[in-house]
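J.: If you want the building blocks of each chain, they are given just below.
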Amino acid sequence: MPVTSLRAKPGGDEGNDPRLLLLDQRDNVLVAISRIRAGETIAIAGTSVTLTADLPIGHKLARQAVSVGEKIVKYGAPIGTATAPIAIGEPVHVHNLRSDYTPTYHLEDVRKVQEARP
Amino acid sequence: MSMRGFLRSDGRKGIRNTVVVAYLVECAHHVAREIALPFRDRDVHVIGFPGCYPNSYAETMMERLCTHPNVGAVLLVSLGCESFNKYRLEQTVRASGRAAKTIVIQATGGTRKSIAEGRAFVGAERAALDAMPTVPMAAGELVVGTVCGGSDGTSGITGNPAAGRAFDFLVTAGAACIFEETGELIGCEHIMAARAVTPALGRELEASVAKAARYYATLGYGSFAAGNAEGGLTTIEEKSMGAYAKSGASPISGLIKPGDIPPRGGLYLLDVVPDGDVRWGFPNINDNAEIAELIACGSHVILFVTGRGSVVGSAISPVVKICANPETYRRMEDDMDVDAGRILTGDGGLDEVGAEIRDLVLALGEGNRTKSEELGHQEFILTYKSFEPIGPACLPAA
Chain A
5 MPVTSLRAKP
15 GGDEGNDPRL
25 LLLDQRDNVL
35 VAISRIRAGE
45 TIAIAGTSVT
55 LTADLPIGHK
65 LARQAVSVGE
75 KIVKYGAPIG
85 TATAPIAIGE
95 PVHVHNLRSD
105 YTPTYHLEDV
115 RKVQEARP
Chain B
28 MSMRGFLRSD
38 GRKGIRNTVV
48 VAYLVECAHH
58 VAREIALPFR
68 DRDVHVIGFP
78 GCYPNSYAET
88 MMERLCTHPN
98 VGAVLLVSLG
108 CESFNKYRLE
118 QTVRASGRAA
128 KTIVIQATGG
138 TRKSIAEGRA
148 FVGAERAALD
158 AMPTVPMAAG
168 ELVVGTVCGG
178 SDGTSGITGN
188 PAAGRAFDFL
198 VTAGAACIFE
208 ETGELIGCEH
218 IMAARAVTPA
228 LGRELEASVA
238 KAARYYATLG
248 YGSFAAGNAE
258 GGLTTIEEKS
268 MGAYAKSGAS
278 PISGLIKPGD
288 IPPRGGLYLL
298 DVVPDGDVRW
308 GFPNINDNAE
318 IAELIACGSH
328 VILFVTGRGS
338 VVGSAISPVV
348 KICANPETYR
358 RMEDDMDVDA
368 GRILTGDGGL
378 DEVGAEIRDL
388 VLALGEGNRT
398 KSEELGHQEF
408 ILTYKSFEPI
418 GPACLPAA
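As given, the protein sequences belong to chains A and B, one line each in that order. According to the numbering used here, the residues represented by the first sequence are 5 to 122, in order. According to the numbering used here, the residues represented by the second sequence are 28 to 425, in order.
Source of the hints: derived by calculation from the structure; they are not laboratory data. All residues carry an ideal CB built from backbone N, CA and C; glycine is no exception. Don't take every hint at face value.
Said to hold, decoys possible - Computed beta-carbon distance windows for the label pairs:
#1 E119/A x D374/B: 55 to 61 Å
#2 A88/A x V224/B: 27 to 33 Å
#3 D104/A x A390/B: 38 to 44 Å
#4 R230/B x G73/A: 50 to 56 Å
#5 R31/B x P22/A: 37 to 43 Å
#6 Q68/A x P419/B: 58 to 64 Å
Turn these sequences into a full structure, and let the hints steer you where they fit.
T.: Spelled out as structure tokens, the structure:
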């Protein structure tokens, strides 16, 4: 993808609150670049959403609706799998996202054990 | 304006024409520093290896640094009884078309005589290099490395992705770009492997991170702490992606080790974690150890992303400091080249800051200097490490 076509700036071109950062066009989450208070109504992709809890700096919310089992994408890369349905504007964190990571050296160990079997 | 470079006999071009004064054991460090002192504002840099015992990693590093395209002439300073193979290093530098001289302090007659003899060589070579003509240089002839240090919560959302954008621009222009610190990539090796130009290279990338994970685990250091979640990070993949974002979005063309020079443009991972058993402690004891390795791989320029505020520069290659945190930038503006934290205050986007970083890199080839260069920063460190050569899958043919 040519880099010059990316529009990763606060707010972007898609009608997001300017306090939300889109790191990559492929992402389904936005990152808060300053604290957004509970009760504030903010725009996400043109949709109005009222926050039920504070969103601190560096925390994420959904840019679009996400189903259980779907990948959460940040920096254009999958960072884990949704464990609950997530509505647009809902915070994304340990309560609804889990890691998919298996350490490579663990896989190596498993392979060695398998190879050692008679 | 366009870039100008100093053409070397191997075809590479330098954006600086530095005289290097290299001590070959700590016992010669003071004499080397005294030789360079009168030339402190004239691109004369001190590097060296402190150990008395031989080490092939250190000898390779010194050889690559002394024949780096930014280096025009080399003075080696030896005490006399250390194990470093000074004659081979001097021959290698001479064979590269550069002026070289070795001063052996014990043979020259001590500190005072060695300093006088060294200053005469440096003065003459400085004058000769100052008269050297330059040639046009293209962005595609650059090698650029990136490192992060003094990171905080802003590094992963401003400075690192902005440096990644700059890498994308530079790779598109044909440059070779190098990212590193496999220990900070634990959790995103599978994501990274998917970007490799061949599946076999992808497996090598994964293996390099697995090696780092084992190495740090042996040292007693884990990767994902509970405190990370308070900052909004949910998974290990996400945490590592913050550091990995420095690499940008280009395909990964190769895996190299310290002293390996990228054969062509593209994006490369530098494996900085030693091979074999854990022996000499931390893979890299500080940021400058990583910077020295990136420079030994031919980096003309280093992009250094910091959140808390590092002030370092380096011998041989300029260091561009990208400040991720807007508060740190306001406090330490004299040391920072780029205010990437303005992304947080809504005063710029990642593409815009990335383009600014690229333009700053190119301007360094047009005579501009970085803040750390202007302030006289020339940090350098080299210690014991050991590596096996890279495997055949690490550099797939273009």
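J.: Are the hints correct? Go through all of them and say.
T.: We went through each hint and held it up to the structure:
Restraint check, E119/A to D374/B: a C-beta distance of roughly 56 Å satisfies the suggested window 55 to 61 Å. In this structure, A88/A and V224/B break the distance hint of 27 to 33 Å, their C-beta atoms being roughly 38 Å apart. Distance hint for D104/A and A390/B: a CB-CB separation of about 42 Å, consistent with the stated range 38 to 44 Å. Between R230/B and G73/A the beta carbons are some 28 Å apart, a value that contradicts the proposed interval 50 to 56 Å.
For the hinted restraint 37 to 43 Å between R31/B and P22/A, the CB-CB distance of approximately 41 Å keeps it satisfied. One distance hint, 58 to 64 Å for the beta-carbon pair Q68/A and P419/B, is violated here, with the actual separation near 44 Å.
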